[in-house]
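Peer 1: Protein sequence lines correspond, in order, to chains A and B. Residue numbers for the first sequence follow the working numbering, so the first one is 1 and each next one is one higher. Residue numbers for the second sequence follow the working numbering, so the first one is 1001 and each next one is one higher.
To be clear, the hints were calculated from the coordinates, so they are not data collected in a lab.
Here are some of the chain A residues that sit facing chain B, going by a computed Cβ distance under 10 Å: (1) T56; (2) Y73; (3) T183.
Note that the structure is a prediction, hence the values are computed from the model and not measured. Where is the CB? At the ideal position from N, CA and C, for every residue including glycine.
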Amino acid sequence: MNDIILPGDDQGALFARDRSWQPPAYTPGYKSTTFRAPRHALLSLPGTASELTGPTFGDMPLNPLDNDLIRNYSQDGGEAIGQRLIVYGQVLDENARPVPGTLVEFWQANAGGRYRHKREGYLAPLDPNFGGCGRAITDANGFYHFRTVKPGAYPWPNGANDWRPAHIHFSIFGHAFAQRLITQMYFEGDPMIWQCPIVGSVPDKAGITQLIAKLDRHNTTPMDALAYRFDIVLRGRRSTLFENKLEGN
Amino acid sequence: MLHPVPTLKETPSQTAGPYVHIGMTPNWAGIRGVYDADPGATMVSADTPGTRIILSGRIIDGAGVPVSDAVVEIWQADGNGSYGRPVGSSAEARPAFTGWGRQPANGEGEFRFETIKPGPVPGPDGRPMAPHVAVWIVARGINIGLQTRIYFADEEAANARDFVLNRIPDPKRRATLIARKEEGDVPQYRLDIHLQGDSETVFFDM
Ligand SMILES: [Fe+3]
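Work the whole structure out from these sequences, hints included.
Peer 2: Structural data, given as structure tokens:
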């Protein structure tokens, strides 16, 4: 009875982040971390209103094509080239409660593995009808979805011959600034996942498995798009009604 | 005493990578026509109450090189010390200040926010914390977003009482969180953020 979690409680303390589950700052296999990883230990502090609140997006008007990467950058009325996909999933917190009304942003390379970015040097061609960004706001049950093409694998300067497995980048807000998360989604069955130094920054194999979207034949659009499901878990609130009343947080 | 435990594990973080701008600041990256404006690009409007300020600085790595591919987000209280309203909500519902900003670093690693000076917010013990801005930094080579804060040098008395600053015993390290004031038509506060090295910024696990 004491462990009732307030559905509307957006002020309560969060569970401490499990740093042994998250990638450490310095991972030698991913060379860019060498000069960008702080060397001091993080200063652990209880969250305050500044971390336990955060920007909310429930009312933000989106364009109808914001979650359609196949068409949202169309220059000539045509569609992006590539294997057509629906990517969807549920944003939950560590208490397995849905996170509604939160902004999910995603970006990716085109079907050939090429990003539309001025610093990108891979020789695979740009697709004139593919920009590579999209966004969605989760519904009342925490679900988001978008349509895209499957991104290609691409080589990157790290080791002598490192290739990124096909992936989609995600940015998720939650309702607290301390829930803010950036991650990458991979595709079930891709053997390249297991040789990637960036994937390998995640210490636990079970954690890596959490980043792999599952092929979902039930939500496939016949003769159009395959579906992949990618659920996302954000930090959860540990506060209870009991604690809120007696300690006022 | 009740000790609830989580039932699911948080999704592991992965680096934002060098092309983070495609997803977070597409207009800035030259991908136009998808979003009307980059989210978080504008924090204030003509009718935002409070003291206008410019908050800027550089992100620098452990080799002293500017981090030119970072994206910085800030989250702050309004001038009265209260936290914001939904981003993009209707003009009537929004008091002209969302409290959230997002800016890419430029080629020199420089970020710049046009915002207002935040008011004091109560800390865990109910006493006010010194005015501050919560900061979150992502980039290539950052495996999990870095959390820190920016305080203001002209709030000396409040800074001396602040519960976060007081948890940093070394004055040199404490100083890594305090932006210096530079006069101008609009007051400017500047703070360089060092990811690593002798001047490494204090980062939090909060
Ligand atoms: Fe990528």
